[in-house]
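Those protein sequences? They're chains A and B, same order as listed.
Numbering follows my numbering, in which position 16 of the first sequence is assigned residue number 16; successive positions increment by one, without gaps.
Numbering follows my numbering, in which position 439 of the second sequence is assigned residue number 439; successive positions increment by one, without gaps.
Hints were generated in silico from the structure; no laboratory data involved.
Even for Gly, the Cβ is constructed at its ideal location relative to N, Cα and C.
Don't take every hint at face value.
[What the hints assert, rightly or not] Label pairs and their in silico Cβ distance ranges: (1) R69/A / E56/B: 54 to 60 Å; (2) D222/B / P212/A: 30 to 36 Å; (3) R381/B / E427/A: 52 to 58 Å; (4) G43/A / A443/B: 49 to 55 Å; (5) E56/A / E423/B: 43 to 49 Å; (6) R395/A / S342/B: 35 to 41 Å; (7) H460/A / S61/B: 31 to 37 Å; (8) V223/A / S61/B: 23 to 29 Å; (9) E11/B / Q467/A: 27 to 33 Å.
There are 2 protein chains.
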Amino acid sequence: MEPDGFHMSPEEFRRHGHALVEWIARYRETVESSPVLSRVAPGDLRAQLPPAPPQEGEDFSSMLRDVERLILPGLTHWQSPNFFALFPSNASAPSMLGEFLSAGLGVQGMLWATSPACTELETHVLDWLVGMLELPAAFLSTGPGGGVLQDTASSAVLCALLAAREQSTGGRANQEGCRGNLVAYTSTQAHSSVEKAVGIAGVGRDNLRRIPTDDAWRMRPDVLEVAIRRDRADGRVPFFVSATLGTTSTLAFDPLPDLGRICRAEGLWLHVDAAMAGTASLCPEFRALQAGLEFAQSYCFNPHKWMFVNFDCDCFYVTDRAALVGALRILPEYLKNAPTLSGAVIDYRDWQVPLGRRFRTLKLWFVIRHYGVQGLQHHVREHVRLAGEFAELVRRSRNYELFQPPSLNLVCFAHKRGNAAGERALERVNGAGKLYLSHTKLADRYILRFCVGQAMTRAHHVHAAFQALEEAGDA
Amino acid sequence: MEPDGFHMSPEEFRRHGHALVEWIARYRETVESSPVLSRVAPGDLRAQLPPAPPQEGEDFSSMLRDVERLILPGLTHWQSPNFFALFPSNASAPSMLGEFLSAGLGVQGMLWATSPACTELETHVLDWLVGMLELPAAFLSTGPGGGVLQDTASSAVLCALLAAREQSTGGRANQEGCRGNLVAYTSTQAHSSVEKAVGIAGVGRDNLRRIPTDDAWRMRPDVLEVAIRRDRADGRVPFFVSATLGTTSTLAFDPLPDLGRICRAEGLWLHVDAAMAGTASLCPEFRALQAGLEFAQSYCFNPHKWMFVNFDCDCFYVTDRAALVGALRILPEYLKNAPTLSGAVIDYRDWQVPLGRRFRTLKLWFVIRHYGVQGLQHHVREHVRLAGEFAELVRRSRNYELFQPPSLNLVCFAHKRGNAAGERALERVNGAGKLYLSHTKLADRYILRFCVGQAMTRAHHVHAAFQALEEAGDA
Numbered sequence: 001m002e003p004d005g006f007h008m009s010p011e012e013f014r015r016h017g018h019a020l021v022e023w024i025a026r027y028r029e030t031v032e033s034s035p036v037l038s039r040v041a042p043g044d045l046r047a048q049l050p051p052a053p054p055q056e057g058e059d060f061s062s063m064l065r066d067v068e069r070l071i072l073p074g075l076t077h078w079q080s081p082n083f084f085a086l087f088p089s090n091a092s093a094p095s096m097l098g099e100f101l102s103a104g105l106g107v108q109g110m111l112w113a114t115s116p117a118c119t120e121l122e123t124h125v126l127d128w129l130v131g132m133l134e135l136p137a138a139f140l141s142t143g144p145g146g147g148v149l150q151d152t153a154s155s156a157v158l159c160a161l162l163a164a165r166e167q168s169t170g171g172r173a174n175q176e177g178c179r180g181n182l183v184a185y186t187s188t189q190a191h192s193s194v195e196k197a198v199g200i201a202g203v204g205r206d207n208l209r210r211i212p213t214d215d216a217w218r219m220r221p222d223v224l225e226v227a228i229r230r231d232r233a234d235g236r237v238p239f240f241v242s243a244t245l246g247t248t249s250t251l252a253f254d255p256l257p258d259l260g261r262i263c264r265a266e267g268l269w270l271h272v273d274a275a276m277a278g279t280a281s282l283c284p285e286f287r288a289l290q291a292g293l294e295f296a297q298s299y300c301f302n303p304h305k306w307m308f309v310n311f312d313c314d315c316f317y318v319t320d321r322a323a324l325v326g327a328l329r330i331l332p333e334y335l336k337n338a339p340t341l342s343g344a345v346i347d348y349r350d351w352q353v354p355l356g357r358r359f360r361t362l363k364l365w366f367v368i369r370h371y372g373v374q375g376l377q378h379h380v381r382e383h384v385r386l387a388g389e390f391a392e393l394v395r396r397s398r399n400y401e402l403f404q405p406p407s408l409n410l411v412c413f414a415h416k417r418g419n420a421a422g423e424r425a426l427e428r429v430n431g432a433g434k435l436y437l438s439h440t441k442l443a444d445r446y447i448l449r450f451c452v453g454q455a456m457t458r459a460h461h462v463h464a465a466f467q468a469l470e471e472a473g474d475a
Numbered sequence: 001m002e003p004d005g006f007h008m009s010p011e012e013f014r015r016h017g018h019a020l021v022e023w024i025a026r027y028r029e030t031v032e033s034s035p036v037l038s039r040v041a042p043g044d045l046r047a048q049l050p051p052a053p054p055q056e057g058e059d060f061s062s063m064l065r066d067v068e069r070l071i072l073p074g075l076t077h078w079q080s081p082n083f084f085a086l087f088p089s090n091a092s093a094p095s096m097l098g099e100f101l102s103a104g105l106g107v108q109g110m111l112w113a114t115s116p117a118c119t120e121l122e123t124h125v126l127d128w129l130v131g132m133l134e135l136p137a138a139f140l141s142t143g144p145g146g147g148v149l150q151d152t153a154s155s156a157v158l159c160a161l162l163a164a165r166e167q168s169t170g171g172r173a174n175q176e177g178c179r180g181n182l183v184a185y186t187s188t189q190a191h192s193s194v195e196k197a198v199g200i201a202g203v204g205r206d207n208l209r210r211i212p213t214d215d216a217w218r219m220r221p222d223v224l225e226v227a228i229r230r231d232r233a234d235g236r237v238p239f240f241v242s243a244t245l246g247t248t249s250t251l252a253f254d255p256l257p258d259l260g261r262i263c264r265a266e267g268l269w270l271h272v273d274a275a276m277a278g279t280a281s282l283c284p285e286f287r288a289l290q291a292g293l294e295f296a297q298s299y300c301f302n303p304h305k306w307m308f309v310n311f312d313c314d315c316f317y318v319t320d321r322a323a324l325v326g327a328l329r330i331l332p333e334y335l336k337n338a339p340t341l342s343g344a345v346i347d348y349r350d351w352q353v354p355l356g357r358r359f360r361t362l363k364l365w366f367v368i369r370h371y372g373v374q375g376l377q378h379h380v381r382e383h384v385r386l387a388g389e390f391a392e393l394v395r396r397s398r399n400y401e402l403f404q405p406p407s408l409n410l411v412c413f414a415h416k417r418g419n420a421a422g423e424r425a426l427e428r429v430n431g432a433g434k435l436y437l438s439h440t441k442l443a444d445r446y447i448l449r450f451c452v453g454q455a456m457t458r459a460h461h462v463h464a465a466f467q468a469l470e471e472a473g474d475a
């Protein structure tokens, strides 16, 4: 490999690589016994690190020792089977191997020409997923649409917003700058990334209307319709709606058929964010939740949230790739090449904010092939079943009550004796280290969220978690 | 690890992991013999892939076989010692191991609380680099500034632009939207990411002034000054200058001291992009190139371009982190936690466009510790020395002449018999597969770019490359 200088020799790479494989395997076998939520205080790690970097190189084994000694205590163990917070971000073994291979190949996929397989595998696997999730055929790359990997749903909604912004202004926002009269819409329950995106894109956070939700936290189409009408009357230009399939707080599903009809009638771009819940559509019995998706101009879901692909991996689809490319394309001389100029290939750099891109599809491809469609379906069903079991325990609890029926793999519940009791119980279980779950606040209630999805979570973890919560709730 | 369901068992992970270590080691030992630039035609890979995903899971070994059989022919081998195109993107063995470990741990660094070590190691290593590169102390996290990892320099310049936009509008652009009167400046030689960023941010591409360069392709301060004055006279609001240390085409260095004084006098935010060349500052003898950096409010360079860290890894610094956070911060209920509310910790989600982030510092930390400062210096000097050797060969060439003296690890040269001859020679060597280099166009000349920096590139590769070019140039 590298025969001279200060490089790691091929023999050393093999030796340390094999040691690392063993280390990761052991980490995953034993992570269950670590406190899930890190207990360090701010500054603890930095106080133990040398103030200056080493002048001379060190052996790899000393780094692995420091990971064990210094880093592990400072980690919140997302891959623990007792991690029930936020969203799973479940990383599987085939996915890790895919990421490692991507690093080992070290190729760039910014242009088709800089590594054709990197682009074509991505397009192909994203087309596979259209079938696997029964998404609208308009998202297939074989028509005018297509899919691309983004890092996160935040970047996806920004790209969707930019494409919509250009379409609605005939490319003028990109050229001349925003004018402060565009208006976007989302629900009060939508992810903060929508607000971040309108700020970034120069549309302005004040020009994002947060449409109220119904009693099940779903965006209200009647209010949206009125808001659009009022904005038009005020001389503003409504152009974009971001709907959510599976909101962050309670996994609520906006009514796409109604929202979609309004967007179509009014000529607004409909973006749909299904970051975690999108994975559920692997199973036919959950696909009713995405009814109305055929109205959307763009869509995203994150295999890094619930489909066993390690972060980052967001699948982003558009029905009209020309609109997206039109918003982001630049072609300087040093990137010109025959395939690009022929128009016969996809250059994904024009589908995203950054220019460079690594070979991220490998891990997604490996996960789909390792599990097969049936294996992925099995685990999604199992997670939903376990969430249902937990909800049953809550129904019979002496301390807690369901805030709402479970939604897929998420259970939202509250302490019967009020918010302070719920907050104290959460602090107690998280502080004890045996499990980790997070919270939200809705309708003046402090809601505990229990989200199932880690690769190593089994029924007994769910039952033990409930037991710990029940005991903490007694105090 | 995962004892049931469709998961890869711990034993299988060990077996396939060890096989993959061997595979990657062998790939790097043999990549030299592969055609550097892929020879496939558009659609070749997709035609060989199954139209639908497998219903049942497959063995990992079949995937590795397909990588060998289907993927490798479709790759342009960036890690080949005969890759001299664009920029090196050199990936070292310790970096790959760091990426693999990051995937194995699978933690999220969006908040300090979601894995404190992930945040603190990043802040710490970025502080190390301030010393290693002798950057201005204002970029240290111990004062009001600090560093953060971005994916690319494109994202870094966007974040810098957003911070500057908010500062110059008192936060109004974020809230109310852009108004089309802001003006940004960069040189005609700046990277396309600056233009992309002003488009995204709603400033408008028409409001980016491309300041002409002098005869060494450096931004002309006198023209910048006049342009700012003219824009102010027209009622516009100059707010941002993006200067380049090491331009994409010829690795030219903008005159920071002069630009900096203008920015300071006029109250403009100065961003400095040193994507590839920044690494050279590891060596004291190259630091004169960054004189004037003390005028900058933000700076970035990419260890994934020339410092042996696999993509993606961009180090982005600001002198005033409050300005950056002010432009990107949102705090929804579900992300509230005691350390965040205390103000005592860094939450890096507010320093970037996406919310989620993986543990990217591990690979950077491993690279610095494996090589040590001296090892990294050695290799940078060696690359510069090899570029100098190549330039010597060009000086004595029967076909080529230097377009300019070599700049660090880049040699720009042209065919003596004109552009068509140069273009044909480039097509011939790239098509033959023995090496890969790219081109640019300047002053109506077709320039060949020879950039040295791959981990495995040695003197004999450089000499063989020149030989191949000389032969291709004869025809």
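Out of the numbered hints, which ones does the structure contradict?
Hints 1, 2, 8 contradicted; others consistent.
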